[in-house]
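Colleague: The residues making up each chain are set out below.
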Amino acid sequence: MVRSVLLALALATPLLAEEHRHQHAAAHGGVLNEIDGCGIGHAEILLEGPRLRLWFVDGGHATHRAIRVPETRLVLTAADGRTLTLTPDPLLLAGESEGDCSAFQGEAPWLVGLTQGRLTGQVTFKGRERTLVLTWPEGYSAAPAPQR
Amino acid sequence: MHLLTIARISLRQHRVSSAVAALALAVGVALLLTVTALREQTQARFTQVGLGVDALLGPKGSPLQIVLNALYHLEDMPGTVPWPLFTAVKQHPAVADGFALVTGHSYSGVRVNAVETRFLAKFTWKPDTRFALAQGRLAEARHEAVAGAEAAVRLGITPGFRFCPVCGVDPGDPVHDQDHITITGILAPTGTPHDRVIYLRLEDFYTLGGHGSATGAMADDPAHRTISGAYLVLRRIRGGGYHPAIQDLQYQLQQSPQAQVVLPAETLPKLLSIIGWVDRVLAAIALVVAALATALLTLALLASLRERRRDLALLRALGAGRRTILGLILLQALVISLAGLTVGLALGQGLLVIGCGILRAKTGLVFDPWTWTTAHSLLLPLVPLVGVGAGLLPALQAYRLPLLDTLTAPHA
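Chains as they are written, first to last, in the working numbering: chain A, 629 to 776; chain B, 1280 to 1691.
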C-alpha cells in the first residue's frame, strides 16, 4: 500500500513541478527566467525588435512584485560572445532611480528577429551576487525541465 | 351558455381558493420581477456607466473603498496621495488627463468634495458631455462652491446660500465655523452620483480654518500638497480600448508605496460578484413561491372539480363534449394565472418604484423602475403557460369523468 502511494507520488511529481512552473504570470507578458531558483526571484524579459526589456521580480507567485537591484548597468553575453549592455529604466512612479532600480533595457541590432536565444551575466539580487541566465522563447529554469 | 360565463360562475363559486392561488402566483411574479429588474439595473449602472472616469488614482488600500469613495461618495478614502505623484501620473503615456480631488468633508449629510476648478468646466461625465449649470455661475473666488443638482434639492439651496462645512463625514465631526462658503451655482442634473456633491475649490480646501498651517501652506505650495486621489481619463486606441501603456502604469504604481491606480470597470464587477449571492437567494425564493403558487392552483382546481363533478356530468348530459369540459377547466386555470400575472406585475412595479427610490438615495444613481427587463419578457408568456399546465391534471380528470356513474352516484 505504502509502496503504491510512494510510486504514485513519484510519478506525479514531474507533472506537479511543471504545473507549478506554468502558474507564474509575467506582468508584462514577457518570459520569466528564474534567478537561483523559482523561490528566489525572476527576470522577466521582453524582446521588442532590437530592444530587450528586463524587469527583476520576486520569486514564487509574487512575480508582479518588483525587486530593485543596485546595478547601474548589466552586461549580458550571448553564446557566440556578443555582448548586450542594459541600462536602468527606473519606474519613476514607484520612486526608483539609477542604482536602485528593477527595470532595465538595452538595444542591439543582432537581437532583431531572434526567435530563440540565451544570454548570461551577473547581478546583485536580494543582497547576493547571482548568475543571470536569460533564455527565450522558454524561460530559464534553475531546476532541470521535467521529463514527460 | 358560453364557456367563459360558465368559467366565471365557477370561479365565483370558488372565489376564496381561486383568489389564494392567484395571490400566491402574484407574489411569485412580483418577487421575480423586482429581483431581476434591480439586478439588471444595478449591474448596468455599476459596470457600464463609467461616470466619465476610466481610472482612479488613489492611496494604498482597498480598491473597492477608493471606487466607492471617489465615485459614489460613500465610505472614506484610505489615505492620501502626494501631489507630485499625481502630476507625474498625468505625464504617463497612458493618461490623457487627470482631475485631483479631496474628499472627507460634508454638510448636512451631503459630501463636500474639493476639486480643481477646471473639473467642472472640462470634465466629460459622459462622452462629449460636460457639466452644465442650471442656475448661477461656477465658483471663481475664495469660499465659493457649486452644488450638484441632487445635493441642491436635498438641502433646498439656491445660489447665494451660505454654509459652514463639516470637517468629516460622521455625526459630531468638527465644523469649520470660521469658513462661510457661498453657493454660486447649481449644476444641471446628470443622473449620476456627481449630482450628490457640493464642489469646493481645491485651493479653498487647504485654507479652511482648523486645518493647520502646514495644510494651509499646501494652497500655495503644490510640491507639498496631498490629495485624496484623482479621476483619470485614459488614452484610447482605435476601437475604444485603453492604450497599452495602462499595463505599465498599473505595474509602476503597484510598486509604489504611495498610490495605486484603480479601474472601476474591473473593481465593481468584483463587488457585484461578492454580493451576487443575495439576488440569487431572492430569485430562488421567488421561484419557490411561484412553484408553490402553481401547486396551489392545481389543488384549487382539483377541489373545485371534486365539488362540481355532478354539475360537469350534467353539462355532459346536456350535450357538452369531453373537450368542452377539458377546455372549461383549462380556461379557469388560465383566468386565475392571468389574474395572478396582472396583480403580480402591478405589485412588482410598486416594489420597483420603492426599491429604485431607495437605491437612488443610497448610491446617487438613477434607477428607472419602468424599464423593460428580462423578467417581463419571460413572465408574460410563461405565467399563462404554467397556469394552463397547472390546470392540466384537473382538466384531464374532468375529461375522463364517467358520465353515468357520476350522475347515478348518491349526492354528497
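Since the hints were made in silico from the structure, they are not lab data. Every residue, glycine too, gets a C-beta built ideally from N, C-alpha and C. Mixed in with the good hints, there may be bad ones.
[As the list claims (entries may be wrong)] Going by beta-carbon spacing under 10 Å, a handful of chain B positions derived as facing chain A: (1) Glu-1319; (2) Gln-1322; (3) Leu-1364; (4) Gln-1529; (5) Tyr-1530; (6) Gln-1534; (7) Pro-1536.
[To be verified] Derived, one-sided and incomplete: chain B residues facing chain A with beta-carbon distance under 7 Å: (8) Ser-1296; (9) Leu-1532; (10) Gln-1539.
[As the list claims (entries may be wrong)] Some residues of chain A that are not near chain B, with every Cβ distance over 10 Å (derived): (11) His-656; (12) Cys-666; (13) Asp-708; (14) Leu-719; (15) Glu-724; (16) Arg-758; (17) Ser-769.
Colleague: All hints, please: hold or fail.
Modeller: Quick rundown of the hints versus the structure:
| no. | hint | result |
| --- | --- | --- |
| 1 | Glu-1319 | violated, 33 Å |
| 2 | Gln-1322 | violated, 28 Å |
| 3 | Leu-1364 | holds, 7 Å |
| 4 | Gln-1529 | holds, 9 Å |
| 5 | Tyr-1530 | holds, 5 Å |
| 6 | Gln-1534 | holds, 4 Å |
| 7 | Pro-1536 | holds, 7 Å |
| 8 | Ser-1296 | violated, 61 Å |
| 9 | Leu-1532 | holds, 6 Å |
| 10 | Gln-1539 | violated, 10 Å |
| 11 | His-656 | violated, 7 Å |
| 12 | Cys-666 | holds, 20 Å |
| 13 | Asp-708 | holds, 32 Å |
| 14 | Leu-719 | violated, 4 Å |
| 15 | Glu-724 | violated, 8 Å |
| 16 | Arg-758 | holds, 21 Å |
| 17 | Ser-769 | holds, 23 Å |
Going down the numbered hints, you'll see the structure goes against 1, 2, 8, 10, 11, 14 and 15, while the others check out.
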